[in-house]
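As you go down the protein sequences, you meet chains A and B in turn. So for the first sequence, my numbering puts the first residue at 17; every next one is plus one. So for the second sequence, my numbering puts the first residue at 2; every next one is plus one.
Hints may contain errors.
Covered stretches of chain A (in silico footprint by chain B; criterion: 3 or more residues with CB under 8 Å from a CB of chain B, positions within the stretch not fixed) [what the hints assert, rightly or not]:
| id | segment |
| --- | --- |
| 1 | 55-68 |
| 2 | 183-195 |
| 3 | 228-238 |
Computed cross-link-like contacts, DSS-like style, restricted to lysine-lysine with a CA-CA straight-line distance of at most 27 Å [stated by the list, open to error]:
| id | chain 1 | residue 1 | chain 2 | residue 2 |
| --- | --- | --- | --- | --- |
| 4 | A | LYS219 | A | LYS48 |
| 5 | A | LYS48 | B | LYS99 |
| 6 | A | LYS239 | A | LYS138 |
| 7 | A | LYS26 | B | LYS74 |
| 8 | B | LYS45 | A | LYS138 |
| 9 | B | LYS74 | A | LYS239 |
| 10 | B | LYS99 | A | LYS219 |
| 11 | B | LYS44 | A | LYS138 |
| 12 | A | LYS138 | B | LYS43 |
None of these hints come from the bench; they were simulated from the model. Fair warning: this is a prediction, and the values are worked out from it, not measured in the lab. In this text, a Cβ means the ideal position worked out from N, Cα and C, and glycines have one as well.
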Amino acid sequence: MITITQRVLKRVSPIVVGYLVLGMACGMLGEKAGLTPGIMLAMSILVYGGSSQFIGIAMMMQGASFFSIGLTVFVVSLRNALFTSALAPYVRQYRDSFTTLFAYGLTDECFAVNLASYQHDKDWLPGEAMAINLLSMGTWALSNAIGCYLASFIHLNLALVSYILTAMFLGIWSNYMSSRSLVISGIGAGILSVFLATIVPYKLHIVLATLLISGAMAALSIKGGRHD
Amino acid sequence: MTEILEKIRLTDSYSNSYIILCILAMAITTFLPRYLPMALLKKKTLPHWFEVWLHYVPPAIFGALVFPDIFLKNNELYIALDNIPLLTTLLIAPIIIKTRSLGAAIVCGGVVYGILQYLL
Numbered sequence: 017m018i019t020i021t022q023r024v025l026k027r028v029s030p031i032v033v034g035y036l037v038l039g040m041a042c043g044m045l046g047e048k049a050g051l052t053p054g055i056m057l058a059m060s061i062l063v064y065g066g067s068s069q070f071i072g073i074a075m076m077m078q079g080a081s082f083f084s085i086g087l088t089v090f091v092v093s094l095r096n097a098l099f100t101s102a103l104a105p106y107v108r109q110y111r112d113s114f115t116t117l118f119a120y121g122l123t124d125e126c127f128a129v130n131l132a133s134y135q136h137d138k139d140w141l142p143g144e145a146m147a148i149n150l151l152s153m154g155t156w157a158l159s160n161a162i163g164c165y166l167a168s169f170i171h172l173n174l175a176l177v178s179y180i181l182t183a184m185f186l187g188i189w190s191n192y193m194s195s196r197s198l199v200i201s202g203i204g205a206g207i208l209s210v211f212l213a214t215i216v217p218y219k220l221h222i223v224l225a226t227l228l229i230s231g232a233m234a235a236l237s238i239k240g241g242r243h244d
Numbered sequence: 002m003t004e005i006l007e008k009i010r011l012t013d014s015y016s017n018s019y020i021i022l023c024i025l026a027m028a029i030t031t032f033l034p035r036y037l038p039m040a041l042l043k044k045k046t047l048p049h050w051f052e053v054w055l056h057y058v059p060p061a062i063f064g065a066l067v068f069p070d071i072f073l074k075n076n077e078l079y080i081a082l083d084n085i086p087l088l089t090t091l092l093i094a095p096i097i098i099k100t101r102s103l104g105a106a107i108v109c110g111g112v113v114y115g116i117l118q119y120l121l
């Protein structure tokens with residue numbers, strides 16, 4: 017099910033480096049939320065979503081309810097539906113058990129590498145696609161546990177770590193600023209989210225602002241008959 | 002097994018069951034959006050309205066996450082010269098928009114925030 021080739025190692029290496037750093041930061045944040053390295057490892061494998069894990073931990077530190085954490089993480093993970101939809105045509109002939117595991121291990125970065133590989137190399141193997149996902153996941157889970165373990169020995173500048181999380185969101189966000197309507201969707205939801213944050217309980221402002229603005233933009237776009 | 006669970010329950014019952022519930026909630030909600038489209042699309046295509054809507058979700062969610070982080074402090078609007086998250090974001094925004102790189106965002110964000118924290 018896994019085929020590790022030279023091109024797999026070459027293409028996965030930038031992801032591995034990035035996940036090592038980000039995973040350690042996530043593990044350190046987890047330690048502050050009271051998680052142990054073992055739980056951090058289990059969480060990284062079960063949840064395996066960089067930003068959703070960061071958000072979940074940040075919300076756990078604020079004592080948000082598991083319901084509102086689940087709902088927020090769901091909306092944050094919705095973009096993954098875009099990724100697996102885009103890759104679906106390439107995995108049509110594979111077994112269901114394969115596509116289930118493959119979908120489970122697909123992140124923003126693995127999606128980008130795999131889509132480019134499927135488009136450029138006609139001979140991109142299912143095992144190679146899976147190897148990209150699983151090597152990234154292994155790196156992520158281990159670096160989370162290591163970061164969590166190390167955090168108990170070093171003094172952590174919590175304000176800085178939480179800003180790094182914001183910077184991470186900014187970095188991912190920048191990839192979705194390719195048209196005017198997408199920029200409006202982002203900034204509109206941002207402004208609404210700030211406004212709702214002060215009046216809506218359980219940290220639901222993120223979910224509400226996202227659904228309201230993206231829904232409105234989609235409705236306008238369908239009504240106007242143009243899509244970009 | 003029950004012994005271990007009992008021990009956990011006695012030492013830290015609230016936070017452990019809370020943590021496990023949260024992790025389970027997150028596990029299910031991260032898996033479904035990835036799995037469902039791939040499982041369904043093996044047979045057919047997504048409805049058009051759903052595809053259009055999905056298109057607008059990613060920027061909206063990141064806007065909704067970032068803005069409160071930089072504009073609010075203790076849940077109140079905080080627009081001031083000593084708002085370090087806001088200042089950092091304004092300073093690094095041109096770099097992020099130009100490079101569109103997660104790595105650049107994290108490194109620049111960390112460095113600029115650290116410097117401002119030291120200066121202010």
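Unsatisfied constraints (hint numbers, rising):
5, 6, 7, 9, 10
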